[in-house]
Amino acid sequence: MSANTWTIATARDALRKGEISAVDLTMSCLTAIDAGDTLNAFVHKTPELALEQARDADRRLKAGDAPAMCGIPLGIKDLFCTKGVPSQAASNILKGFKPEYESTVTSKLFDAGAVMLGKLNMDEFAMGSSNETSAYGNAVNPWRVDDRMLTPGGSSGGSAAAVAADLCLGATGTDTGGSIRQPAAFTGIVGIKPTYGRVSRWGVVAFASSLDQAGPMTKTVRDAAIMLQAMSGHDDKDSTSADIPVPDFEAALTGDIRGKVIGIPKEYRMDGMPAEIEALWQNGIAMLKDAGAEVRDISLPHTKYALPAYYVIAPAEASSNLARYDGVRYGHRAKLSAGDGITEMYEKTRAEGFGPEVQRRIMVGTYVLSAGFYDAYYNRARKVRALIKRDFEQVFADGVDAILTPATPSAAFGLGEMADADPVKMYLNDVFTVTVNLAGLPGVAVPVGLDAQGLPLGLQLIGRPWDEAELLNYAHVLESRAGFVAKAEKWW
Amino acid sequence: MAIDIDTARKVAKLARIRVEEADLPKLAGQLSGILGFMEQLNEVDVTGVEPMTSVTPMRLKRRKDEVKDGNIQAQVLKNAPDAREGFFAVPKVVE
Chain A
1 MSANTWTIAT
11 ARDALRKGEI
21 SAVDLTMSCL
31 TAIDAGDTLN
41 AFVHKTPELA
51 LEQARDADRR
61 LKAGDAPAMC
71 GIPLGIKDLF
81 CTKGVPSQAA
91 SNILKGFKPE
101 YESTVTSKLF
111 DAGAVMLGKL
121 NMDEFAMGSS
131 NETSAYGNAV
141 NPWRVDDRML
151 TPGGSSGGSA
161 AAVAADLCLG
171 ATGTDTGGSI
181 RQPAAFTGIV
191 GIKPTYGRVS
201 RWGVVAFASS
211 LDQAGPMTKT
221 VRDAAIMLQA
231 MSGHDDKDST
241 SADIPVPDFE
251 AALTGDIRGK
261 VIGIPKEYRM
271 DGMPAEIEAL
281 WQNGIAMLKD
291 AGAEVRDISL
301 PHTKYALPAY
311 YVIAPAEASS
321 NLARYDGVRY
331 GHRAKLSAGD
341 GITEMYEKTR
351 AEGFGPEVQR
361 RIMVGTYVLS
371 AGFYDAYYNR
381 ARKVRALIKR
391 DFEQVFADGV
401 DAILTPATPS
411 AAFGLGEMAD
421 ADPVKMYLND
431 VFTVTVNLAG
441 LPGVAVPVGL
451 DAQGLPLGLQ
461 LIGRPWDEAE
471 LLNYAHVLES
481 RAGFVAKAEK
491 WW
Chain B
493 MAIDIDTARK
503 VAKLARIRVE
513 EADLPKLAGQ
523 LSGILGFMEQ
533 LNEVDVTGVE
543 PMTSVTPMRL
553 KRRKDEVKDG
563 NIQAQVLKNA
573 PDAREGFFAV
583 PKVVE
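Residue numbers (the working numbering), protein chains in the order written: chain A, 1 to 492; chain B, 493 to 587.
Hints are computed from structural coordinates only; laboratory data are not their basis.
There may be inaccurate statements among the hints.
Stated by the list, open to error - The calculated EDC-like cross-link candidates involving lysine to aspartate or glutamate, where the alpha carbons are at most 20 Å apart (straight line), are:
#1 B:Lys553 to B:Asp537
#2 B:Lys570 to A:Asp326
#3 B:Lys505 to A:Asp340
#4 A:Lys17 to A:Glu48
#5 B:Lys556 to A:Glu344
#6 B:Lys505 to A:Glu344
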């Protein structure tokens, strides 16, 4: 098997034993990337940088100074600012923007010896669930069942497609309402959104600051543990990043969950949910029981209100965060006509630079924050958010260790199939994941099976705050019992 | 609450996004749909509930009030669409 298909754990061990060089490993990924242009996952390739970093990694490996990520080739979501490399959040308003600084997450990964292969496609400003709002065009799911091109999900669609198609060993993603977990589920890979504050947001283009968290997207749970380790930790430059110790996530993967209590929330059994999703969920329950966990029915009564609360809070924060794109300091500026003043410059620049979904969300946010509606919408949504968080706190206080739910309400759908749908219909993709962002909890999507057409389906595990270590262990158990080994058959 | 065309125009203005008159009805319809979806929040009793502020109660870290970097004017201006003589250039603001 070509080295680009390896897991991070396999590659780490092979690199340390000298069975492969970081340069050769990187070359195998660069070759796969060039052969995978149809997927439109990598939108800015950085082969020179990758080979330079790989040569450095080989020197460190030779010197015996090799952290776990040393020499591991990764894809980086376009939302992360990377020094001297285009970072445009898949938006035309940041076309040509090359940051003069490096995000904390990519700095940490590079300090650990990781190799950047390039920047990955995504929904514009991470607003979307199908990668169809990207200024680069759609990313394509490597899985398919007929002639249709399927969505890899979103917003981290390029990350998911790249990992699932073995273009890289792992990728960074970000998750504001499900943007790591939904694409992971749609492509049969693992994605974890850590507890809010576990990973620094500094240098990550902001969407909704109280919800955004970065995390790894990988082929296995073990890889997620290894990569999350390198991404986590306090950062002086992000005041919301938590100053608490980062445990050894990989060491926590004992496979022993005997006596642990797994909650099954009845509110996640949605009307009209496909029978296959229900069956998958029941399979997951049986697997955890079989591993010695106690399964308990629980109630999270405010679940129904998570999506509407999210679609007040996230656009409100986005409208404020995206006010900075004004055509003055960076990015696009519209060509002005004679007599245009500064207001026309703002209005034309933002109309040209932002795509329709981003414009819509900015305007929704502007509306819910405007005088007269602030209390009725924004403050009410923040209070409902507190109740959603309280639901989880109650369940954890009652002795539940983790919660098992479906990751998505369906398998991957066809690109373009939702084009004429109401925007709200697309928002329903986040129905199982968005509660986790609102409550700030860690959540992980694990591939568990295939649907009747042969497309991957995932389950989600939700953990206690700051308990990613335990959460990854449950995910590890689910992964081993499910024995999901299917890969997308190469057609690209 | 239904958003009429005047409200859509006003929101676009507040957001500093130019929307052509012909596109306002569609925008108003979409905003109405999204806001209608949010109306469900009115079913929830939020009496006495404080808005959520953090995942676990913690005090935001503070740092010393000291200069850590600076003298990077060229870097700050590097990505500007129009920078002149060490400044960001914009259309005339004051008559």
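Pair hint B:Lys505 and A:Glu344, alpha-carbon separation not exceeding 20 Å: holds, 10 Å
Proposed proximity, A:Glu344 with B:Lys556 (alpha carbon, max 20 Å): violated, 41 Å
Keeping to a limit of 20 Å between CA atoms, is the pair of A:Lys17 and A:Glu48 held or broken? violated, 25 Å
Given the hinted pair B:Lys505 and A:Asp340, is their alpha-carbon gap at most 20 Å? Cα-Cα ~16 Å, so holds.
Holds or violated: B:Lys570 to A:Asp326, with C-alpha atoms at most 20 Å apart: holds, 16 Å
Has the given pair, B:Lys553 with B:Asp537, been kept, meaning a C-alpha gap of at most 20 Å? Status violated; Cα separation ~34 Å.
Hint compliance for this structure: hints 1, 4, 5 are broken, all remaining hints hold.
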